[in-house]
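Undergrad: For reference, the chains in residue letters:
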Amino acid sequence: MTIKTNKELRQRKYLARDFDSLRSTLLDYARQYYPDRIEDFSEASVGGLFMDMAAYIGDNLSFYLDHLYGELNPETAVENASIERALRNAGVPITGAAPSTVEATIYIEVPVAVLGDDEPDLTLLPTIQEGTVFISDSGIPFTLIENIEFSIDPADDGIYILNPDAEKKIGRQKPDGTITSYFLSLNGLCISGRETREITTFDSFVPFRRFSLSQTNVNEIVTVYDDLGNTYYEVGSLTHDVVYRNVLNTTDDSDQVKDGLRIIPAPYRFIKLTDLATRKTTLIFGGGSAAALEDDIIPDPSEFAIRMPYSKYIGRTMLNPQKLLTTTTLGAAGENTNVTIVYRHGGGLSHNIAPNSLVSISLLNIMFPLNPPNNQANKVRNSIEVSNIFSATGGEDSLTARELSTLIPAIKNSQERIVSKEDLLARVYTMPSNLGRVFRAAIAANSTNPLSTQLFIISRNSDQRLITCPDTLKINLRKYLNSYRMISDAIDILDARVINLRLKFTVIIDPTLNRTSILATILNKLQNKFEVRKMYIDQPIIISEVVNLIYTVQGVIAVDSIDFSNISGIVNNLSYSDITYDVKNNTKRQMIIPPSGGIFEIRYPVDDIIAKVVS
Amino acid sequence: MATTINFKSVGNVGRQYVSDIQFPTITPIGIKTPLRLGKKHGIFDMHTNLADTVHDNLRNLILTNYGERLGLYFFGANLRPLTTEFSVQNNFDSEAVIRIKTAVSNWMPFVNLIDYTSEVEKFTTGSSVALIKLTITYAVPSLGVNDKQLIINLHVL
Numbered sequence: 000m001t002i003k004t005n006k007e008l009r010q011r012k013y014l015a016r017d018f019d020s021l022r023s024t025l026l027d028y029a030r031q032y033y034p035d036r037i038e039d040f041s042e043a044s045v046g047g048l049f050m051d052m053a054a055y056i057g058d059n060l061s062f063y064l065d066h067l068y069g070e071l072n073p074e075t076a077v078e079n080a081s082i083e084r085a086l087r088n089a090g091v092p093i094t095g096a097a098p099s100t101v102e103a104t105i106y107i108e109v110p111v112a113v114l115g116d117d118e119p120d121l122t123l124l125p126t127i128q129e130g131t132v133f134i135s136d137s138g139i140p141f142t143l144i145e146n147i148e149f150s151i152d153p154a155d156d157g158i159y160i161l162n163p164d165a166e167k168k169i170g171r172q173k174p175d176g177t178i179t180s181y182f183l184s185l186n187g188l189c190i191s192g193r194e195t196r197e198i199t200t201f202d203s204f205v206p207f208r209r210f211s212l213s214q215t216n217v218n219e220i221v222t223v224y225d226d227l228g229n230t231y232y233e234v235g236s237l238t239h240d241v242v243y244r245n246v247l248n249t250t251d252d253s254d255q256v257k258d259g260l261r262i263i264p265a266p267y268r269f270i271k272l273t274d275l276a277t278r279k280t281t282l283i284f285g286g287g288s289a290a291a292l293e294d295d296i297i298p299d300p301s302e303f304a305i306r307m308p309y310s311k312y313i314g315r316t317m318l319n320p321q322k323l324l325t326t327t328t329l330g331a332a333g334e335n336t337n338v339t340i341v342y343r344h345g346g347g348l349s350h351n352i353a354p355n356s357l358v359s360i361s362l363l364n365i366m367f368p369l370n371p372p373n374n375q376a377n378k379v380r381n382s383i384e385v386s387n388i389f390s391a392t393g394g395e396d397s398l399t400a401r402e403l404s405t406l407i408p409a410i411k412n413s414q415e416r417i418v419s420k421e422d423l424l425a426r427v428y429t430m431p432s433n434l435g436r437v438f439r440a441a442i443a444a445n446s447t448n449p450l451s452t453q454l455f456i457i458s459r460n461s462d463q464r465l466i467t468c469p470d471t472l473k474i475n476l477r478k479y480l481n482s483y484r485m486i487s488d489a490i491d492i493l494d495a496r497v498i499n500l501r502l503k504f505t506v507i508i509d510p511t512l513n514r515t516s517i518l519a520t521i522l523n524k525l526q527n528k529f530e531v532r533k534m535y536i537d538q539p540i541i542i543s544e545v546v547n548l549i550y551t552v553q554g555v556i557a558v559d560s561i562d563f564s565n566i567s568g569i570v571n572n573l574s575y576s577d578i579t580y581d582v583k584n585n586t587k588r589q590m591i592i593p594p595s596g597g598i599f600e601i602r603y604p605v606d607d608i609i610a611k612v613v614s
Numbered sequence: 000m001a002t003t004i005n006f007k008s009v010g011n012v013g014r015q016y017v018s019d020i021q022f023p024t025i026t027p028i029g030i031k032t033p034l035r036l037g038k039k040h041g042i043f044d045m046h047t048n049l050a051d052t053v054h055d056n057l058r059n060l061i062l063t064n065y066g067e068r069l070g071l072y073f074f075g076a077n078l079r080p081l082t083t084e085f086s087v088q089n090n091f092d093s094e095a096v097i098r099i100k101t102a103v104s105n106w107m108p109f110v111n112l113i114d115y116t117s118e119v120e121k122f123t124t125g126s127s128v129a130l131i132k133l134t135i136t137y138a139v140p141s142l143g144v145n146d147k148q149l150i151i152n153l154h155v156l
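If you read the protein sequences in the order shown, they are chains A and B.
Residue numbers for the first sequence follow numbering that gives the first Met the number 0, so the first one is 0 and each next one is one higher.
Residue numbers for the second sequence follow numbering that gives the first Met the number 0, so the first one is 0 and each next one is one higher.
Among the clues, some could well be false.
Result set (DSBU-like, lysine-lysine): computed pairs, CA atoms no more than 35 Å apart in a straight line [unchecked claim]:
#1 A:Lys378 <-> A:Lys168
#2 A:Lys12 <-> B:Lys38
#3 B:Lys132 <-> B:Lys39
#4 A:Lys12 <-> B:Lys132
#5 B:Lys147 <-> B:Lys132
#6 B:Lys39 <-> B:Lys7
#7 B:Lys39 <-> A:Lys12
#8 A:Lys473 <-> A:Lys257
#9 B:Lys121 <-> B:Lys132
Partial selection, computed: residues in chain B whose CB lies under 10 Å from chain A [unchecked claim]:
#10 Gly29
#11 Lys31
#12 Thr32
#13 Leu34
#14 Lys38
Hints in this document: simulated from the structure, not taken from any laboratory.
For glycine and all other residues, C-beta sits at the position ideal for the given N, C-alpha and C.
Please put together the full structure from these sequences, using the hints given.
TA: Set out below in structure tokens:
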């Protein structure tokens with residue numbers, strides 16, 4: 000049906016954006032539709048003035064439209080607030096200047112117990128404790144972050160010995176050559192920057208209380224606690240109600256895995272925000288009241304319902320958000336207490352000090368495990384000197400807003416959950432190394448459970464040979480992955496199957512050349528090819544590649560035969576994997592295919608690559 | 000009791016007749032200044048004569064100073080800075096003439112400036128303020144306007 004209208008259709012152009020084009024368009028419009036009302040739009044006329052004003056307003060609107068649109072994209076945003084918002088949305092942490100680390104060498108002079116002894120007096124060997132502060136010649140403080148123990152108690156039976164890592168040099172001698180003291184030195188890791196302690200008072204309850212730290216470039220919140228004995232934990236988001244803590248692994252596999260992972264509840268928690276412009280850090284505490292914490296750890300959903308006594312109907316969801324906020328769901332904050340915040344701050348390129356720049360001790364935390372007499376302990380204490388053999392590294396100036404925004408695409412791809420196979424592998428490989436190091440991981444679908452994924456893992460021992468992952472590592476991995484796992488996903492952590500192989504081959508070498516030298520070259524190349532760091536789970540061995548590798552050695556005329564065989568158990572006092580594998584039946588099209596979750600290893604390359612030369 | 004109203008007694012809302020306003024056949028050209036409500040041609044009172052429009056525009060041009068016109072910073076003759084230097088500047092007239100001529104050639108090049116006369120209209124004893132009357136004679140050949148005079152009053156120090 001055609002609708003007739005008397006309304007005049009007027010053409011408007013929407014392409015004009017700047018002052019000139021807008022003025023020109025307005026002029027055309029006025030001349031087209033209002034020729035009988037006004038004609039004079041010259042610059043000198045009032046009509047021209049009005050036209051200019053309209054164009055000017057249009058130009059301004061265009062400018063701000065462009066500006067606002069640009070501010071939505073971190074690549075084109077220019078305002079700090081917009082860049083900061085984009086960084087937060089993408090999860091890019093805004094950091095200040097980074098501190099540097101340096102290995103400090105501590106020197107002490109320790110007298111001998113009895114003249115003529117070739118050992119220093121063990122009772123006078125101190126432990127320089129973490130928290131000791133050294134000062135560089137440029138005035139930069141470096142804090143020791145580990146204990147330096149000059150004596151150790153290996154059997155934990157109260158019998159101390161000199162730390163074998165300590166370097167010992169003869170100190171003072173009498174004219175007759177009798178040694179009276181030794182100089183000992185040990186290294187310890189130090190980090191630059193200062194530690195600051197601030198105390199604030201939480202009086203009445205304030206949800207999501209904010210506290211801004213006075214110092215800039217905060218690297219780390221060391222600890223937060225209140226007078227009531229509550230510890231506040233830093234979390235990525237206030238919805239995170241647990242944190243992970245490393246605990247010393249005391250089980251049999253402690254040589255493989257230093258720490259265990261313990262999940263601890265974090266009812267008192269905070270998040271950290273750093274302002275892009277000022278680089279000052281603000282802590283935002285939980286939104287729940289500590290008073291409700293004792294009896295309301297899990298909110299009672301029935302309390303959220305809005306009572307509707309006169310209605311016979313209910314809506315889909317009846318939640319009182321205010322009620323939700325007063326629970327500990329988003330963390331709790333204390334009230335009527337003093338909260339102490341200890342944090343580390345400072346850094347920058349200037350903190351990368353040159354060798355031998357650590358010159359003095361600003362704060363010395365020292366203890367003597369065997370409680371020697373004070374005067375002797377003081378002598379040792381006064382002899383302490385510090386230096387650094389290597390330069391400090393890692394110090395960086397703050398990233399600018401523009402530099403930070405370039406990180407957004409990369410960070411956006413990373414995420415705090417496991418969705419794809421790549422996510423799972425990335426999480427496995429990035430687990431903190433003190434919780435155990437997975438050498439290789441691979442993923443396979445579970446044929447019996449479509450919601451389950453099989454994760455095969457394998458570790459290496461100190462000899463760089465493949466070993467089954469220690470149980471503690473698997474437990475740590477389970478806890479670690481669980482926090483990133485989707486609720487409906489299951490991950491079966493399985494040991495990868497190590498298939499040890501032996502390679503025998505026969506080559507024909509040019510008789511005019513040195514056989515030994517050529518053979519050594521071949522063996523060297525093969526050992527290099529089958530290095531364990533080049534092997535992956537589910538990776539086949541392509542026989543023709545191996546043959547080709549042998550052919551590349553100058554002097555090899557032909558490869559007469561090549562044979563891979565499985566080796567297992569204990570052979571010639573060498574320990575191999577217990578897994579037996581039929582190599583012949585699993586060789587297809589010149590490729591040896593491992594079983595699902597299997598990894599090939601030539602465990603002892605010197606013994607397991609056997610060459611034979613025929614003329 | 001029911002009320003009966005005859006539609007013949009019902010008036011019309013004025014806005015229904017906006018489109019029915021009958022404009023005179025004389026086409027308005029430009030807006031008169033100072034602005035005032037129009038009686039014949041819409042919101043503003045309008046010039047219907049080109050010569051008057053040019054005259055009005057020329058006066059506004061000469062009375063405008065730099066920075067006063069939105070978007071056109073250099074629009075105007077910029078005479079105001081001269082008004083505070085009248086007593087100390089010997090060449091007030093020549094400077095004013097240059098400024099007026101520059102502005103006209105830039106913004107109203109179709110106007111031919113012919114004469115410039117200035118005279119002190121009023122000088123109050125005891126006060127440093129004087130009223131200067133500038134008389135500008137111009138022509139607009141394209142409109143057939145010859146020797147038209149524009150009088151500008153300036154208070155100077």
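Undergrad: Verify the proposed pairing of B:Lys39 with A:Lys12, using a straight-line Cα cut of 35 Å.
TA: holds (31 Å)
Undergrad: Do the alpha carbons of A:Lys12 and B:Lys38 lie within 35 Å of each other, as the hint requires?
TA: At roughly 32 Å apart (the allowed maximum being 35 Å), B:Lys38 and A:Lys12 satisfy the hint.
Undergrad: Would the hint linking B:Lys121 and B:Lys132 be met if the CA-CA limit is 35 Å?
TA: holds (9 Å)
Undergrad: Going by Cβ atoms only, is B:Lys38 closer than 10 Å to chain A?
TA: Violated, because the Cβ-Cβ distance from B:Lys38 to chain A comes to roughly 14 Å (cut-off 10 Å).
Undergrad: Starting from A:Lys378, check that the Cα of A:Lys168 is at most 35 Å away, please.
TA: Roughly 18 Å separates the two Cα atoms, so the pair holds.
Undergrad: Can we keep the B:Lys31 interface hint, with Cβ of chain A closer than 10 Å?
TA: holds (8 Å)
Undergrad: May I ask you to test the interface hint for B:Leu34 with respect to chain A, counting a Cβ-Cβ separation under 10 Å as satisfied?
TA: holds (7 Å)
Undergrad: Quick one, are B:Lys39 and B:Lys7 close enough, alpha carbons at most 35 Å?
TA: holds (30 Å)
Undergrad: Should the interface hint for B:Gly29 be scored as holding, given a Cβ-Cβ cut-off of 10 Å against chain A?
TA: holds (3 Å)
Undergrad: Restraint: B:Thr32 near chain A, CB-CB cut 10 Å. Satisfied or not?
TA: holds (6 Å)
Undergrad: Starting from A:Lys473, check that the Cα of A:Lys257 is at most 35 Å away, please.
TA: With Cα atoms ~13 Å apart, A:Lys473 and A:Lys257 stay inside 35 Å; holds.
Undergrad: Taken at face value, is the distance from the CA of B:Lys132 to the CA of A:Lys12 at most 35 Å?
TA: violated (47 Å)
Consistency note: the structure conflicts with the earlier hints numbered 4, 14.
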